[in-house]
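Colleague: Chains as they are written, first to last, in our numbering: chain A, 1 to 135; chain B, 1 to 135; chain C, 1 to 135.
Careful: at least some of the hints might be erroneous.
[Unchecked claim] Pairs of lysine to aspartate or glutamate residues, derived as DMTMM-like cross-links and limited to a Cα-Cα distance of at most 20 Å, are as follows:
| id | chain 1 | residue 1 | chain 2 | residue 2 |
| --- | --- | --- | --- | --- |
| 1 | B | K40 | A | E27 |
| 2 | A | K40 | C | D53 |
| 3 | A | K40 | C | D19 |
| 4 | C | K40 | B | E80 |
| 5 | B | K40 | A | D53 |
[Claimed, not checked] These stretches of chain C come out as covered by chain B in the derived footprint (C-beta under 8 Å, 3 or more residues):
| id | segment |
| --- | --- |
| 6 | 19-32 |
| 7 | 112-121 |
| 8 | 126-134 |
[As the list claims (entries may be wrong)] Beyond 10 Å from chain B on every Cβ pair, some chain A residues (computed):
| id | residue |
| --- | --- |
| 9 | P10 |
| 10 | E50 |
| 11 | D72 |
| 12 | T128 |
Hints in this document: simulated from the structure, not taken from any laboratory.
Cβ atoms here follow ideal geometry from the backbone N, Cα and C, with glycine treated the same way.
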Amino acid sequence: MISQLTITAPRQGLHEISDQVAAVVSESALQAGLCTVFIKHTSASLIVQENADPSAVRDLEQWLNRLVVEHDPLFTHTSEGADDMPSHIKTALTATSVAVPIINGQLALGSWQGIFLWEHRHARVPRTVIVHIGE
Amino acid sequence: MISQLTITAPRQGLHEISDQVAAVVSESALQAGLCTVFIKHTSASLIVQENADPSAVRDLEQWLNRLVVEHDPLFTHTSEGADDMPSHIKTALTATSVAVPIINGQLALGSWQGIFLWEHRHARVPRTVIVHIGE
Amino acid sequence: MISQLTITAPRQGLHEISDQVAAVVSESALQAGLCTVFIKHTSASLIVQENADPSAVRDLEQWLNRLVVEHDPLFTHTSEGADDMPSHIKTALTATSVAVPIINGQLALGSWQGIFLWEHRHARVPRTVIVHIGE
Numbered sequence: 001m002i003s004q005l006t007i008t009a010p011r012q013g014l015h016e017i018s019d020q021v022a023a024v025v026s027e028s029a030l031q032a033g034l035c036t037v038f039i040k041h042t043s044a045s046l047i048v049q050e051n052a053d054p055s056a057v058r059d060l061e062q063w064l065n066r067l068v069v070e071h072d073p074l075f076t077h078t079s080e081g082a083d084d085m086p087s088h089i090k091t092a093l094t095a096t097s098v099a100v101p102i103i104n105g106q107l108a109l110g111s112w113q114g115i116f117l118w119e120h121r122h123a124r125v126p127r128t129v130i131v132h133i134g135e
Numbered sequence: 001m002i003s004q005l006t007i008t009a010p011r012q013g014l015h016e017i018s019d020q021v022a023a024v025v026s027e028s029a030l031q032a033g034l035c036t037v038f039i040k041h042t043s044a045s046l047i048v049q050e051n052a053d054p055s056a057v058r059d060l061e062q063w064l065n066r067l068v069v070e071h072d073p074l075f076t077h078t079s080e081g082a083d084d085m086p087s088h089i090k091t092a093l094t095a096t097s098v099a100v101p102i103i104n105g106q107l108a109l110g111s112w113q114g115i116f117l118w119e120h121r122h123a124r125v126p127r128t129v130i131v132h133i134g135e
Numbered sequence: 001m002i003s004q005l006t007i008t009a010p011r012q013g014l015h016e017i018s019d020q021v022a023a024v025v026s027e028s029a030l031q032a033g034l035c036t037v038f039i040k041h042t043s044a045s046l047i048v049q050e051n052a053d054p055s056a057v058r059d060l061e062q063w064l065n066r067l068v069v070e071h072d073p074l075f076t077h078t079s080e081g082a083d084d085m086p087s088h089i090k091t092a093l094t095a096t097s098v099a100v101p102i103i104n105g106q107l108a109l110g111s112w113q114g115i116f117l118w119e120h121r122h123a124r125v126p127r128t129v130i131v132h133i134g135e
C-alpha cells in the first residue's frame, strides 16, 4: 500500500509527522511489516529523533545551522537563494527516506522517538511525502 | 518476519552486530529478500562500515567525537548529561535504520562490510534493535 | 526481485545511476512497491540529490571535501592511501542504502531528484550495487 501526503512545515526546522504516518499504517490494517517514508525533495529531509523534550531538536537544528552556513564563499549554486545550497547539504547529511517496523498494527517507534520532516528552507513549501507499507 | 534483539555495547563506539542479524536471516530461511534493521533509540544509531581493520572504525569514532563535542556552549538540552545532546546529533548524522539485501539465504554484505550498533552514550545501556525480513 | 549492477564512476564525486536503477524497476514490471538500492562498499556511498543543476552536486562535493580532509593527523588507518579514511567517514555521513517508492511502474522520484553513487576514492573502482524490488 502506498499513500501520498502533502505537508507544509510551519517554519525552517524539524516538524513532527508521526501522526500522519501512523494514520496510514492504521488504514492499511497490516499487523506486522515495514513502513518506509520517502520525501520527494532535496531541500527538505526526514529523520527519526527525540520528540519528548523540544530543546533536543532545537539544539540539533542550531548545531547543524552552525556547521552548514549560508553565504559560504565556497558555494557557486546560489541562484535559488542563500538557503538553497545549505538545504541540499543538510539533506545529504540526514536522510531522504526512513524505515520503521510495524508490530501489532502500529509503528514500532521507541518511547521518545518521532518521525520528523526537516524543512531546510526558510519559505513555507508544500512537501510531498510518500508512505509505503509492505509485509 | 520480525525479530527483536536486545544488545548492550561494551563501551561508547561502534559494536558489530552482523552475527546477531545474520542469525535472524538464517532462522527466516528466506532465500532472497531484504533485511531492514531498526534501532528504537535516538542516542545510539546503526551503520554499515568496514569490519576488517579495527583502526578504521576507531578513526571514524575519533573524527566524529571531534566534530560533535560535549559541553558545546550552544547546547540547552543538558539535563540528561553532557553526552546526551552529542548523541542525538551523531544519530542524526548516521542512521536509525539500515537495509541489506538477502541473496542465497545470506546477508549480501561486501567482503569488508559489517553492521554496527554505534553507542553514543558513555554508560552501558541495553538497546532494542528490530530486524525485519521481507520478500 | 534482486538485480546486481557493476558501476565504475568516471572520477571521485557524485555519479548519477537513476537510469540503471529505473531499468531494473522496468524489467520487474511491478506497478507499486519499493525499490531499495544497496552498495557493497564502505568507501563509496549512495545518495538521492538534485540532478538538474550540476553546480549543486559540485558544491556538495566541495563542502564535504573541506569538512573531511585527507592527511588529518588524527588518522591512524592510513595504509590504504590518504583518501581511504576520508572515504569511510563520508560513507558514514551519507548512506549505504536508499529506498525509493515505485508508483505506476516507475521510481517515484521528485522532479529534480536523482539517485547517485558517490565515489569517495580517487582511483576508478568497479562498484557492486544491488537493487531490490519488493511489493
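Colleague: Determine for every hint whether it applies to the structure shown.
Modeller: Right, here's what the structure says about each hint:
Taken as a hint, the K40(B) and E27(A) pair is broken in the structure, with Cα atoms around 23 Å apart against an allowance of 20 Å. Distance restraint check for K40(A) and D53(C): the Cα-Cα separation of roughly 17 Å lies within the 20 Å cut-off, and the hinted pair is therefore satisfied. For the proposed pair K40(A) and D19(C), the alpha carbon gap of about 17 Å is at most 20 Å, so the pair holds. Distance check on the hinted pair: K40(C) and E80(B) sit about 37 Å apart at the alpha-carbon level, beyond 20 Å; violated.
Annotation: proposed proximity of K40(B) to D53(A) holds, straight-line Cα distance about 17 Å (limit 20 Å). Against chain B, the segment 19-32 of chain C contributes 0 residues with a C-beta closer than 8 Å to a partner C-beta. That does not satisfy the three-residue criterion, and the hint is violated. Counting residues of the segment 112-121 of chain C whose beta carbon lies closer than 8 Å to any beta carbon of chain B gives 0, which falls below the threshold of three, so the coverage claim is violated. With a threshold of 8 Å between beta carbons, the proposed coverage of the segment 126-134 of chain C by chain B holds, since 4 of its residues qualify and at least three are required.
Distance to chain B confirms P10(A) as a non-interface residue, since its nearest Cβ pair spans about 20 Å, more than 10 Å. For E50(A), the requirement that its beta carbon stay farther than 10 Å from each beta carbon of chain B is not met, with the minimum near 4 Å. Residue placement check: D72(A) keeps its beta carbon more than 10 Å from all beta carbons of chain B (closest about 17 Å). Interface exclusion of T128(A) from chain B stands, the closest Cβ pair being 21 Å apart, more than 10 Å.
Hints 1, 4, 6, 7, 10 from the earlier list are contradicted by this structure; the remaining hints agree with it.
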